[in-house]
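2 protein chains.
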Amino acid sequence: MTTNVNNSEKKKEWADKKITSRTENYSKWYSDIIKVAELAEYGLFKGSMIIKPNGYAIWEIIQKILDEKFKETGVKNVYFPSLIPEKFLKKEAEHVKGFSPEVAVVTYAGGKRLKEALVIRPTSETVIYEAFSRWIQSYKDLPILINQWVNVIRWEMRPRLFLRTTEFLWQEGHTAHATEQEADERAKMMLNVYKDFVENHMAIPVILGLKSEAEKFAGAFRTYSLEAIMQDGKALQLATSHNLGQNFSKVFNLEFVDKDNVVQHVWQTSWGLSTRTIGALIMVHSDDKGLVLPPKLAPLQVVIVPIWSNAEIKKIVVKKANSIKMNFKKGRLISIKLDDRDVRPGEKYFEWEKKGIPLRIELGPKDIEKNSAILVRRDTGEKKSVSLRIIKKETHKILDEIQANLYKRALMFRNNRIKSVDNWKDFKDEIKNDNFVLAHWCGESEVEAKIKEETKATIRCISFDKKMEQGKCVYSGKPSNRRVLFAKAY
Amino acid sequence: MTTNVNNSEKKKEWADKKITSRTENYSKWYSDIIKVAELAEYGLFKGSMIIKPNGYAIWEIIQKILDEKFKETGVKNVYFPSLIPEKFLKKEAEHVKGFSPEVAVVTYAGGKRLKEALVIRPTSETVIYEAFSRWIQSYKDLPILINQWVNVIRWEMRPRLFLRTTEFLWQEGHTAHATEQEADERAKMMLNVYKDFVENHMAIPVILGLKSEAEKFAGAFRTYSLEAIMQDGKALQLATSHNLGQNFSKVFNLEFVDKDNVVQHVWQTSWGLSTRTIGALIMVHSDDKGLVLPPKLAPLQVVIVPIWSNAEIKKIVVKKANSIKMNFKKGRLISIKLDDRDVRPGEKYFEWEKKGIPLRIELGPKDIEKNSAILVRRDTGEKKSVSLRIIKKETHKILDEIQANLYKRALMFRNNRIKSVDNWKDFKDEIKNDNFVLAHWCGESEVEAKIKEETKATIRCISFDKKMEQGKCVYSGKPSNRRVLFAKAY
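Note that the protein sequences, when read in sequence, are chains G and A.
Under the numbering used here, the first sequence has 256 at position 256, and the numbering climbs by one with no breaks.
Under the numbering used here, the second sequence has 186 at position 186, and the numbering climbs by one with no breaks.
Derived by calculation from the structure, the hints in this document are not laboratory data.
All figures in this text were calculated on a predicted structure; none of them were measured in a lab.
One should not assume that every hint holds.
[Unchecked claim] Taking lysine-lysine and the DSS-like style, the derived pairs with C-alpha atoms no more than 25 Å apart in a straight line are: (1) G:LYS46 to A:LYS91; (2) A:LYS325 to G:LYS71; (3) A:LYS35 to G:LYS140; (4) G:LYS71 to A:LYS408; (5) G:LYS392 to G:LYS329; (6) A:LYS112 to G:LYS90; (7) G:LYS329 to A:LYS76; (8) G:LYS330 to A:LYS112; (9) A:LYS296 to A:LYS384.
Work out the full structure, taking the sequences as your base and the hints as a guide.
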């Protein structure tokens, strides 16, 4: 039952793990960050993901903040079955075309072959709108504003942790309205809820806009999205909000009697944000030393590392460190940890740097003599001796500065990587240089497809910010009245 | 596209719904309560459940309270894939025997037949412990304390909302420890976390104990459970906590090097509580007028119903009602709603009673003259005029009283339904009378099976509270040293 061994031959991989640099191999760097910060790992079959405690804690913060924001707009949470009879998925023609290739199908259950196959939800429009058809009779039942936090399955052939996995976690909001205008306003309202969250909490600047016909959600009338740039110049879509028009309501017979006693179809929206955003969080802020987290998204914001040379001194510094920690239990709360393990301070610094803790407090006997401590920022590496009298205030201040700095840094990076181009050669060059490109486009899907074929760049969005401007399509030379955003994307 | 109709022919079913009385048909009463309180409904295929906003809000409260309690004991949340390669489920012999008949199997995904079938998790021991085998090397990696809030699928042939559905929501905790004692302590600790939650928040008294061999979890060494009595005298298991011993750790090779450099297998626990508890919440407290919720589990605790006879008076009472509501925004927070819809007060009373709101505040012009309001308790129907000067304090006090009263009422009900019996005739009679029965049992599984066959009663648990006592098995006449708890169960 038990065996004697000389030593544990197994070793924690991450402990000795060197992080590949971003310039050497960006993709490898990304995987290394996830490994050393212990965020996630692959599961038992290709493309499946295990979200580990450090990664899941980030998702819990995302959930908490967004859930509150949704509820402030009147949204309530629900839970719909994860299994959908195949024929329901097939009801909306565009929708089934978009999702059929990705679904996982249950054919046996309870020891028997099922008469009708069930697919695991890739998204829940169909199953939710079938219920809406029973819930909605009159204008008095509208609007319906619901959301669910669930897992979804979309079979992925080229898996990448957080970015593309066979299963991921997300929220999907679904609404029904009496008028087209109200639905479009709701779709844009939720896009702005996402923008507020992504910019102010995740510290990631985003570009808001409309998706092209080719890039929109399968079944949507209009898809709005948030686009951000990663450090390798690729775009990542952080969330989408769809004005579904009456596409689903006609197929699912979502009729209501309006105030004038006329039967009408409802207007709908759906909107979602997933664990994919954690991939963006990593790729926007982290560096070659490891994960970097904005304080508002960091499950652990501050770590105190006491420094000692012998047991007697240990007792003194740990006691002092503990009193610093306790001092944070009042007023504005932060998440703080005292790391008093019997491990060399340097090793601890290294570990917490890799794990992205925004601020480190170092406290040794000399600091105590001066009644001060050293604060070390994760984002800049900057060190500062701070009097213990003002350490609490200073810690809050620096955390706010880190949050602001990460956003500013990401914004500057992005602004430097957006290029306005007016001819096809420059277009190809700037895409090759891993930039975001603003260019005129004639609006034709065939042209969009050709551009993608030749450069791998897609239209990320037709930005809301871009003013009307006469010009010629960078590819076809046909007239265009607005620049759109092109980039290679995750 | 639009049609003129004279009137909406569809009608909200619940609005006119009469509730079947408990004595007339308990099972029908249960379904009626779920319908009128709009908690849940069946989905598109047999046994699937849609949890509606009112039902899901209860689950969110359960999650919030329990999640905090788990974290206080050092548990961290994670997410594991919902799909498990079939061969992994089959690794532990008892486990596969228990779950194989209930699983849903994915055979196609991404447009292709899978080489190896995947089952949707009925529970996640196997997939989680495979990861543990990679995470655990030394005693320094122990204990591992994780939990996940997820959906699980267990195919049900006799569905019943919340109690038995093909899919349900739960949390499953999984831990690994260096010693047998530590694992057993953890299993019991989590049982007590559940007890605290169920008794103090759900207001349901529970009996804690050990499951018999026949009733324990497939793969466990020991299963502990919480048992409660419903108003029809049937038992419902509210949560279970399993000491898994080394059953899984041996199969999954969960080895670690202990402090003395000896390789050992870890000791494990798992523990879970599901949306089934919402079924218990309904069945323990509700009455023939509708849902009754203990204040601590009520998404909406207080509703203010202003009463008016004309528009002028409406303005005055709604204004006053609003000022009462705003007064609750400071200090101890409660969830309070002002119902100023243009609907007769009687209809509102009726609706909020059905939906289980613990306390109603009625406010008419005469009340305002007297600077008072009427408080009406949902649990007892008791009415009381209260001065507006002390209404806030009084509301808090009454909510506390309702919470305490619901527990007390349920406890008295249960104590009246527990019968100690010493012979087989009395045993059969008391089970027939829908009582809980404490009786001697020889400890043999065959005898347990016979008793179930003849009376439908099963051993709910070997209660921790029952002292040793010499006696004879009520069925076999063989010696026994302890009474165990028998009942028919959900």
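Okay, the hints, checked on the actual structure:
1. G:LYS46 to A:LYS91: holds (20 Å)
2. A:LYS325 to G:LYS71: holds (19 Å)
3. A:LYS35 to G:LYS140: holds (19 Å)
4. G:LYS71 to A:LYS408: violated (35 Å)
5. G:LYS392 to G:LYS329: Holds. LYS392 (chain G) to LYS329 (chain G) sits at ~10 Å (cutoff 25 Å).
6. A:LYS112 to G:LYS90: holds (18 Å)
7. G:LYS329 to A:LYS76: This hinted pair holds, its Cα atoms lying about 21 Å apart.
8. G:LYS330 to A:LYS112: violated (57 Å)
9. A:LYS296 to A:LYS384: This hinted pair holds, its Cα atoms lying about 22 Å apart.
The earlier numbered hints that this structure contradicts are 4, 8.
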